[in-house]
Amino acid sequence: MRMSRILAITSAVALMAGNAIAQEETLKIGALVTLSGAGASWGQGMLRAAELAAEDVNENGGLEVGGTNYKVEVIPYDDSYKANEAVTAANRLVFEEKVKYIIGTVGSAPILAIQPITEENGVITMTLGFTAQALSPEKPYTFRPNPTTAEVAQPQIDWIVANQGIKTVGALFPKDETGEAIAEDVAAAYSAAGAELAAVEFFERDRVDFIPLLTRIVAQGVDAIELDGNSPVTAGQIVQQARDIGFEGVIVRTGGPATQEIVNVAGNAATEGMFVHSAFDPGVEKAAAYEARYVETYGETMNGFSPFFYDGTKMLFAAMQEAGTVEDTEAVKTALEGLTDYEGVLGTMNWTGEEPYGIAHQLDSPFYIARVEDGAEVIVARCTTTGCE
Amino acid sequence: MSFLIAQSIINGVILGTLYLMMAIGFTLAFGVMRIVNFAHGEFYMIGAFLALIGVNWLGLPFPLALALTAALAILLGALVERIVFRPFRADELSGMIASLGLAMILQHAALIIFGPDPQSFPALVSGVYRLGDLIVPQSRALTLGVGVVILLAFYVFLMHTRMGRALRALVQDQEVAAIYGVRLEIMYPLGLGLGVALAAVAGGLMAPLFGVSPFIGATPLLKAFIVVILGGLGSIPGAALAAILLGLIESLTSSFVSASAADIVTFALVVVVLLIRPAGLLGRGEA
Chain G
0 MRMSRILAIT SAVALMAGNA IAQEETLKIG ALVTLSGAGA SWGQGMLRAA ELAAEDVNEN
60 GGLEVGGTNY KVEVIPYDDS YKANEAVTAA NRLVFEEKVK YIIGTVGSAP ILAIQPITEE
120 NGVITMTLGF TAQALSPEKP YTFRPNPTTA EVAQPQIDWI VANQGIKTVG ALFPKDETGE
180 AIAEDVAAAY SAAGAELAAV EFFERDRVDF IPLLTRIVAQ GVDAIELDGN SPVTAGQIVQ
240 QARDIGFEGV IVRTGGPATQ EIVNVAGNAA TEGMFVHSAF DPGVEKAAAY EARYVETYGE
300 TMNGFSPFFY DGTKMLFAAM QEAGTVEDTE AVKTALEGLT DYEGVLGTMN WTGEEPYGIA
360 HQLDSPFYIA RVEDGAEVIV ARCTTTGCE
Chain U
0 MSFLIAQSII NGVILGTLYL MMAIGFTLAF GVMRIVNFAH GEFYMIGAFL ALIGVNWLGL
60 PFPLALALTA ALAILLGALV ERIVFRPFRA DELSGMIASL GLAMILQHAA LIIFGPDPQS
120 FPALVSGVYR LGDLIVPQSR ALTLGVGVVI LLAFYVFLMH TRMGRALRAL VQDQEVAAIY
180 GVRLEIMYPL GLGLGVALAA VAGGLMAPLF GVSPFIGATP LLKAFIVVIL GGLGSIPGAA
240 LAAILLGLIE SLTSSFVSAS AADIVTFALV VVVLLIRPAG LLGRGEA
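Residue numbers (numbering that gives the first Met the number 0), protein chains in the order written: chain G, 0 to 388; chain U, 0 to 286.
Hints are supplied without guarantee of correctness; some may be wrong.
[Claimed, not checked] Sample of chain U residues with no beta-carbon within 10 Å of chain G, all distances over it, derived: (1) 2; (2) 11; (3) 77; (4) 81; (5) 110; (6) 127.
[Stated by the list, open to error] Covered stretches of chain U (in silico footprint by chain G; criterion: 3 or more residues with CB under 8 Å from a CB of chain G, positions within the stretch not fixed): (7) 94-103; (8) 163-177; (9) 258-267.
Hints in this document: simulated from the structure, not taken from any laboratory. Glycine is no exception: its CB is placed at the ideal position from the N, C-alpha and C atoms.
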């Protein structure tokens with residue numbers, strides 16, 4: 000009699016505890032990004048985007064999916080922009096932390112290295128990696144919320160070549176998957192625009208002294224230097240050192256937003272008149288509000304990629320709610336693909352990429368060409384994938 | 000073509016001087032302490048941040064900021080000797096591992112304090128000196144000039160002062176030096192302190208050229224390592240020769256072949272020197 004009473008009470012307590020857990024569960028999201036080394040400012044921007052998106056839902060009592068409230072927890076891992084470290088981190092995230100969603104990676108080599116793990120286990124990834132190989136019909140769980148060189152290069156380069164009368168261009172790229180992919184895209188884009196990528200140099204990613212390489216490029220008399228494909232810090236060093244050796248031509252940054260970091264490294268004087276890609280129009284109210292929130296929360300300037308990953312993470316949450324599950328990633332993936340005209344902080348978002356990649360997992364968003372004046376971007380042209388004006 | 004050769008030689012000599020400042024501190028710390036200090040690059044980074052704090056936050060003029068950086072770095076080096084390296088004085092392997100740990104602690108502390116983003120360092124001078132077609136960036140000429148002055152001052156200190164003699168005696172033979180009255184309790188911290196200060200001043204000097212972030216220490220450490228292996232661990236003239244050689248090789252191969260070729264040639268040279276003269280170009284062999 001006494002025994003059964005104890006049993007009854009214990010099971011009642013256990014049931015109640017079980018109930019409490021059922022009402023508020025934790026949804027773990029991995030952030031496998033670069034937090035140390037040259038790509039760290041991109042990685043921080045992505046991690047913080049995920050954190051801010053998580054903060055949004057947690058403040059409203061959690062993410063409600065299929066009648067359960069989930070508290071979102073972001074688990075950061077650093078890959079140092081290296082494929083082998085990304086694989087180690089992906090193994091831990093997928094098999095030990097049991098995450099089903101990963102924001103990352105920053106680099107192209109890391110995303111290609113972890114896809115065998117994530118695709119096999121149905122883990123949805125949101126990568127920044129610029130390589131065309133990151134998206135394909137064989138890799139249905141990978142999405143890319145930011146436009147890459149392939150999307151933005153042509154319209155932007157057409158406009159700059161026409162407006163600045165550029166005939167020959169020099170460029171330096173890091174010697175890896177990312178750099179070589181971008182070098183091909185950029186060379187094709189310049190030749191389609193009627194100019195020539197005449198002097199190309201490849202270098203190891205940890206290099207800081209570019210004067211020997213720039214001496215050679217400048218000696219070939221190029222009209223412009225293209226910075227695409229380089230991390231923000233490296234791009235800043237190239238700008239500064241090119242001006243140091245007396246290069247007076249145009250400096251162009253197609254691709255990834257990095258203006259603030261470039262100006263930080265090279266200074267206002269060296270960057271004056273530089274043409275940059277910008278994903279961000281401070282005139283758009285929601286975008287400016289996101290930037291203000293980022294600066295207020297972290298006390299640092301915002302990396303330009305951050306808003307894409309904020310929108311991307313929010314779309315992921317929306318897809319989970321749509322699918323009514325956090326466990327069945329196939330359903331979440333299908334719901335994510337089905338999101339159209341999503342209103343993010345950067346504007347109206349849709350999926351594209353069916354033609355170049357064979358799968359529409361590339362987010363399409365407006366972008367801009369800006370001229371750097373006194374260390375700040377001034378927008379000079381507005382672009383879509385079809386052209387700039 | 001001759002223009003490009005002359006320009007590459009100028010670039011190479013400037014680069015070599017920058018490497019030399021890193022390498023001398025590194026080789027001094029080894030000569031005195033018998034410790035391969037893997038944290039040397041992090042002291043370069045700390046020097047860059049100290050100069051940045053002095054110039055950007057406190058509004059000090061650059062020379063004063065650099066002098067304060069050097070003074071603080073000597074203190075820091077002495078402190079590190081006392082706390083971290085003293086227990087491993089007779090134990091090269093443990094000392095090396097301790098220095099690796101120290102490097103990680105310093106780098107990540109900087110990451111926590113300053114964040115990963117590069118910090119802007121105002122350019123001290125801008126523009127170029129032109130000699131006919133040849134171009135010398137003023138910023139690099141300034142760094143070169145200050146670097147040479149510091150190296151000369153250090154040379155005079157080492158060769159013509161009592162303390163400098165004591166340090167050299169320690170490098171040659173610690174026991175005999177101690178018997179002759181060299182006070183180890185002062186000279187060990189001083190030796191490491193000076194080595195650290197050279198790295199820190201190099202960091203401060205190069206901050207306007209290469210920028211400041213918690214990760215800038217790795218490349219100079221690698222270059223110092225190559226210079227010291229080529230020149231002979233513990234040999235200062237060897238380091239000078241190797242640093243200029245390395246600067247010229249990097250500059251000429253990068254300008255005429257490719258950046259990757261420069262790395263291949265450099266490391267091939269290291270392998271060849273290690274095979275033919277394991278003690279380095281001007282090294283004395285294991286004492």
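Going down the list of hints, with the structure as the test:
1. At roughly 8 Å, the least C-beta separation between residue 2 (chain U) and chain G is not larger than 10 Å, which violates its mark as non-interface.
2. Look at residue 11 (chain U): its CB is around 8 Å from the nearest CB on chain G, not clear of 10 Å, so calling it non-interface is violated.
3. Interface exclusion of residue 77 (chain U) from chain G stands, the closest Cβ pair being 29 Å apart, more than 10 Å.
4. The claim that residue 81 (chain U) is not at the interface with chain G holds, since no C-beta of that chain comes within 10 Å of its own (minimum 29 Å).
5. With a cut of 10 Å on Cβ distances, residue 110 (chain U) falls inside the contact zone with chain G, its closest approach being about 7 Å.
6. The Cβ of residue 127 (chain U) does not lie farther than 10 Å from every Cβ of chain G; its closest approach is about 5 Å, which violates its non-interface assignment.
7. With a cut-off of 8 Å between beta carbons, the region 94-103 of chain U has 0 residues touching chain G; three or more are needed, and the interface restraint is violated.
8. Here the region 163-177 of chain U counts 0 residues with a CB under 8 Å from a CB of chain G, which misses the bar of 3, and the coverage is violated.
9. Coverage of the region 258-267 of chain U by chain G holds. Counting CB-CB distances below 8 Å, 4 residues qualify, and the rule asks for three or more.
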